[in-house]
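All chains, full assembly: derive it from the sequences and hints.
2 protein chains.
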Amino acid sequence: MFSDIKFNKEVPVYIQIKDYIKEMILGGMLQSGEKLPSTREMSSIMKVSRNTIIYAYEFLQDEGFILIKKGKGAFVSQIHVEMQEKWNVNWSTLVNDYAKDSERLDIVKHEDKWEKGMISFKSIAPDENLFDVEEFKKAFLNRMSIEGKKILNYGYAQGYKPLIEYLLKYMKNKGVNTEGKDILITNGFTEGFDIILSSLTKAKDKILCENPTHNTAIKIMKLHGLCIEGVDMDIDGINIKKLEEKLQKDKFALSYFIPSYHNPTGIVMSPEKRVQLYKLLRKYNVPIIEDGFNEELRYTGAHVAPIAALCGEGNGLIYIGSFSKILFPGIRIGWILGDKNIIGYLESVKRSRNIHTSFLDQAVFYDYLQCGNFEKYIKKARKVYREKYEFAVECAKKYISNGQVIGEGGLHIFVKLNGIDARKLLKKCYDKGVIFTPGDIFYTDDKGFDTLRLGFSRVTKEEIERGFKIIGDETKSLMKKN
Amino acid sequence: MFSDIKFNKEVPVYIQIKDYIKEMILGGMLQSGEKLPSTREMSSIMKVSRNTIIYAYEFLQDEGFILIKKGKGAFVSQIHVEMQEKWNVNWSTLVNDYAKDSERLDIVKHEDKWEKGMISFKSIAPDENLFDVEEFKKAFLNRMSIEGKKILNYGYAQGYKPLIEYLLKYMKNKGVNTEGKDILITNGFTEGFDIILSSLTKAKDKILCENPTHNTAIKIMKLHGLCIEGVDMDIDGINIKKLEEKLQKDKFALSYFIPSYHNPTGIVMSPEKRVQLYKLLRKYNVPIIEDGFNEELRYTGAHVAPIAALCGEGNGLIYIGSFSKILFPGIRIGWILGDKNIIGYLESVKRSRNIHTSFLDQAVFYDYLQCGNFEKYIKKARKVYREKYEFAVECAKKYISNGQVIGEGGLHIFVKLNGIDARKLLKKCYDKGVIFTPGDIFYTDDKGFDTLRLGFSRVTKEEIERGFKIIGDETKSLMKKN
Numbered sequence: 018m019f020s021d022i023k024f025n026k027e028v029p030v031y032i033q034i035k036d037y038i039k040e041m042i043l044g045g046m047l048q049s050g051e052k053l054p055s056t057r058e059m060s061s062i063m064k065v066s067r068n069t070i071i072y073a074y075e076f077l078q079d080e081g082f083i084l085i086k087k088g089k090g091a092f093v094s095q096i097h098v099e100m101q102e103k104w105n106v107n108w109s110t111l112v113n114d115y116a117k118d119s120e121r122l123d124i125v126k127h128e129d130k131w132e133k134g135m136i137s138f139k140s141i142a143p144d145e146n147l148f149d150v151e152e153f154k155k156a157f158l159n160r161m162s163i164e165g166k167k168i169l170n171y172g173y174a175q176g177y178k179p180l181i182e183y184l185l186k187y188m189k190n191k192g193v194n195t196e197g198k199d200i201l202i203t204n205g206f207t208e209g210f211d212i213i214l215s216s217l218t219k220a221k222d223k224i225l226c227e228n229p230t231h232n233t234a235i236k237i238m239k240l241h242g243l244c245i246e247g248v249d250m251d252i253d254g255i256n257i258k259k260l261e262e263k264l265q266k267d268k269f270a271l272s273y274f275i276p277s278y279h280n281p282t283g284i285v286m287s288p289e290k291r292v293q294l295y296k297l298l299r300k301y302n303v304p305i306i307e308d309g310f311n312e313e314l315r316y317t318g319a320h321v322a323p324i325a326a327l328c329g330e331g332n333g334l335i336y337i338g339s340f341s342k343i344l345f346p347g348i349r350i351g352w353i354l355g356d357k358n359i360i361g362y363l364e365s366v367k368r369s370r371n372i373h374t375s376f377l378d379q380a381v382f383y384d385y386l387q388c389g390n391f392e393k394y395i396k397k398a399r400k401v402y403r404e405k406y407e408f409a410v411e412c413a414k415k416y417i418s419n420g421q422v423i424g425e426g427g428l429h430i431f432v433k434l435n436g437i438d439a440r441k442l443l444k445k446c447y448d449k450g451v452i453f454t455p456g457d458i459f460y461t462d463d464k465g466f467d468t469l470r471l472g473f474s475r476v477t478k479e480e481i482e483r484g485f486k487i488i489g490d491e492t493k494s495l496m497k498k499n
Numbered sequence: 018m019f020s021d022i023k024f025n026k027e028v029p030v031y032i033q034i035k036d037y038i039k040e041m042i043l044g045g046m047l048q049s050g051e052k053l054p055s056t057r058e059m060s061s062i063m064k065v066s067r068n069t070i071i072y073a074y075e076f077l078q079d080e081g082f083i084l085i086k087k088g089k090g091a092f093v094s095q096i097h098v099e100m101q102e103k104w105n106v107n108w109s110t111l112v113n114d115y116a117k118d119s120e121r122l123d124i125v126k127h128e129d130k131w132e133k134g135m136i137s138f139k140s141i142a143p144d145e146n147l148f149d150v151e152e153f154k155k156a157f158l159n160r161m162s163i164e165g166k167k168i169l170n171y172g173y174a175q176g177y178k179p180l181i182e183y184l185l186k187y188m189k190n191k192g193v194n195t196e197g198k199d200i201l202i203t204n205g206f207t208e209g210f211d212i213i214l215s216s217l218t219k220a221k222d223k224i225l226c227e228n229p230t231h232n233t234a235i236k237i238m239k240l241h242g243l244c245i246e247g248v249d250m251d252i253d254g255i256n257i258k259k260l261e262e263k264l265q266k267d268k269f270a271l272s273y274f275i276p277s278y279h280n281p282t283g284i285v286m287s288p289e290k291r292v293q294l295y296k297l298l299r300k301y302n303v304p305i306i307e308d309g310f311n312e313e314l315r316y317t318g319a320h321v322a323p324i325a326a327l328c329g330e331g332n333g334l335i336y337i338g339s340f341s342k343i344l345f346p347g348i349r350i351g352w353i354l355g356d357k358n359i360i361g362y363l364e365s366v367k368r369s370r371n372i373h374t375s376f377l378d379q380a381v382f383y384d385y386l387q388c389g390n391f392e393k394y395i396k397k398a399r400k401v402y403r404e405k406y407e408f409a410v411e412c413a414k415k416y417i418s419n420g421q422v423i424g425e426g427g428l429h430i431f432v433k434l435n436g437i438d439a440r441k442l443l444k445k446c447y448d449k450g451v452i453f454t455p456g457d458i459f460y461t462d463d464k465g466f467d468t469l470r471l472g473f474s475r476v477t478k479e480e481i482e483r484g485f486k487i488i489g490d491e492t493k494s495l496m497k498k499n
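Protein sequences appear in the order of chains R and P.
For the first sequence, the numbering used here gives the first residue as 18, with consecutive numbering after it.
For the second sequence, the numbering used here gives the first residue as 18, with consecutive numbering after it.
No wet-lab data here; the hints were simulated from the structure.
It is possible that part of the hints are untrue.
Only part of the chain R face toward chain P is listed, based on derived beta-carbon distances under 8 Å [to be verified]: (1) Thr110; (2) Leu111; (3) Asp129; (4) Lys130; (5) Gly134; (6) Val150; (7) Phe376; (8) Gly389; (9) Val422.
Calculated from the model, a selection of chain R residues having no Cβ within reach of chain P, i.e. all distances over 10 Å [said to hold, decoys possible]: (10) Phe19; (11) Glu80; (12) Lys126; (13) Leu158; (14) Lys236; (15) Ile237; (16) Cys244; (17) Met250; (18) Asp438; (19) Lys445.
Even glycine gets a Cβ: it sits at the ideal position worked out from N, Cα and C.
Take a look at the structure:
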């Protein structure tokens, strides 16, 4: 006993001794009332300094595991751990439909997984090698020295005030009138969208969106029991005629659109179409949720204002913003901009969900942004991604010659194969060490079986060329079979 | 034009110039195709270096607001911002019952607010002056140098692996058998509880809990439409007889308990009672959600194991842990420990809610914990809070002599006045500059109108004495009136 303790290098020794003795007490190897070896004895048994043992004993007493009696020694406290008869609950039968659907629709759990050595075009996360970690460190240290203690304690559900102010100005700089509007900070787009649907819809409500659209948005809409009406897209965005047909026929609770570098097609909705869309939804009084996804990753052409910029002082649109697709997605910061009144409700929902988004992250991110780092970063990132984007398009055209390449920017391209089943293709490519995202998961109906999304942000140019060639070759071999 | 720009010190000058020109373009003061002053001219108008202007113009071109034609100058791009007719949506009529209830039950919005100069006993947040910010900084810098880029990119819904491992060991050190169990990292207790109820209950389900209990838990149970059955408490925890009566009468989906330093009463459920409670719920097969609230803030006596330690390899209990009431609540990190199977479902729900909890925060927190900082911190904090607790009890007994003081630890005491309305008392105290939390918000029925919770973590001893005296005096004056 005691002499068999093994130390590791990562954890302070007195903590390891404390935990070791705790384990013996909890496991019943040391009984209540039993006397521990003196600190001198224990120090020679464990071959550590006596001070270390004294320190460990002190902690054990603090935590109520032993009692040190002056001049008499250390004794194990009255610890009650009576293991009870085993109780087996069959959780699978207890979870409700919401949890079951969450699991069923969780593509991370059910899609093919990347294995070492494979080329993966699944990710559209930013390339972390572009992150300016040094500037982020500076922002952290600066914020900590200004208000470190404060930002480590509880904050406010709405968000960190200076960040809210920064983002209001940021939205103004996109041409948005922020009069009468406010911002709620969320844990990324996903939470923003989930909170909005939780607050504004009920099961069986109808919601309009582009078809295809962001798969996470589809998942969340399904989890809320909504009837999703997808509207087909043209090369410059949603088909306005089909949109109007749907609006004439049905009553919709909400609509959801990704006008810039649309996920998964990469299409930028033209300014004219934005105006048409806005007018139509206003006419039928269906509030718009605009997803500002990747708006910052413009590679060419003139600035295109978000639909939110068309509203003026009107309040029929809620904008969800996030830098997560470009910068530091690990800290999960997004925002909702909308009418003050609705933000008030969403704030209470946010508080009931998780009190608030990390104040540390919000404060550090604010510090990082306001020094102009974001502008510098986006300049660099845009250059790198643009080059990669152009290379990816070129390779796709060259190697996947049966496919039609869609998309004007962002971190991915979308390919429409003419009638070839993308899941069959994936299976064959998987065997050759290449994976991608089959396009069907983005569709609200059964279309899209012959489409795929190819994310290029985290692969090298060499991998793009090699991977696309494999996809192209497999496409051709599938064509022959047809 | 241009010469009226005003610079501030916080933001780089080129960004201010860029934003200023953007605003003019978006506001229509600069028209599409219009030529901007040359960089030389602009530099003399704005009284900044020419390089600054060149830099600002470059950014404007990058963002698509201007086009720089070599040898010809800079021209405003084709920007379409057509402000549309105002669209007014009446959001208050569109929000659903869930959002309305969230707002209605949001005590931050509806309870009396602290004003400058007041003594507030409302908070039970930790005193941030005890935080060891230097150690936290070290942990941050260490983690950043090891894997800074990685933890700023997307992580996993379940959580940061080393933190999960640390917490599994931490739970083992409380006597919990972690065989067949797993951990999900959440944004604090609140998110953990919300995710569990979202996954395991449906509206109208019955849930058991102590009466009184944590007000945020009551809010979340109500928001899920659950029928809450509160069981009265004795001085050593829940009344077992009353608990069994309820179990005999009704079928319950879940039960929720706070066995240690119970909120709001501060009662520690005795080890014997823990065993009785566990056996009863196993008998009736009602899964337990154990809230590990403030378990760490033991001031006296032997270690009391959580109910989770009674389960052995059984899986009928889900434990929710959080350090938020003691350490760094601003980063919002908590965890759920439970059967691997149920954690799998909860993980998918977490992913559909907000992808994952900040990986930066999880990684830094892990680094902080594994160096033994938590043990050192809790030793210091326990000493400070214990002293304050004892002082608060002493003052309460001295000044609020009509009340019965309940509670054995934690960051608050609970006072039962004999028949005096705590809301009337609050009104009178408010006028004298003292606020506290009226106890009724913790009750699942109409009891508790004559109780109050007094948090002492963020007030000085002097404020405790002065504040409690005011409460005592007002109590006496209300007694006389009765």
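With 8 Å as the cut and Cβ atoms as the points, is R:Val422 at the interface with chain P? Result: violated, 23 Å to nearest chain P Cβ.
Does R:Gly134 hold up as a contact with chain P if the rule is Cβ-Cβ below 8 Å? violated (19 Å)
Just double-check R:Asp438 for me: nearest Cβ-Cβ distance to chain P has to come out over 10 Å. For R:Asp438, whose nearest Cβ neighbour in chain P is about 27 Å away, the distance exceeds 10 Å, so it holds.
Any CB of chain P closer than 8 Å to the CB of R:Thr110? Violated - the Cβ of R:Thr110 stays beyond 8 Å from chain P, reaching only about 11 Å at its closest.
Check the non-interface label on R:Glu80: least C-beta distance to chain P beyond 10 Å or not. violated (6 Å)
Just want to verify: R:Phe19 was marked as not at the interface with chain P; is every Cβ pair farther apart than 10 Å? The claim holds: R:Phe19 sits with its nearest Cβ about 18 Å from chain P, beyond 10 Å.
Minimum Cβ-Cβ distance from R:Lys126 to chain P exceeds 10 Å: About 7 Å separates R:Lys126 from the closest Cβ of chain P, which leaves it inside 10 Å; violated.
The output says R:Lys445 does not contact chain P. Does that hold with a beta carbon cutoff of 10 Å? holds (28 Å)
Hint status (Cβ of R:Phe376 to nearest Cβ of chain P, threshold 8 Å): holds (4 Å)
So, R:Lys130 near chain P? Judge it on the closest CB pair being under 8 Å. For R:Lys130, the interface hint is violated, since the closest Cβ of chain P sits about 12 Å away, which is over 8 Å.
R:Val150 was flagged as interface toward chain P. Is the shortest Cβ-Cβ separation under 8 Å? holds (4 Å)
Cβ separation check - R:Cys244 to all of chain P, threshold 10 Å: Answer for R:Cys244: holds, closest chain P Cβ roughly 16 Å.
When the structure is compared with the earlier hints, violations turn up for hints 1, 3, 4, 5, 9, 11, 12, 13, 14 and 15 and for no others.
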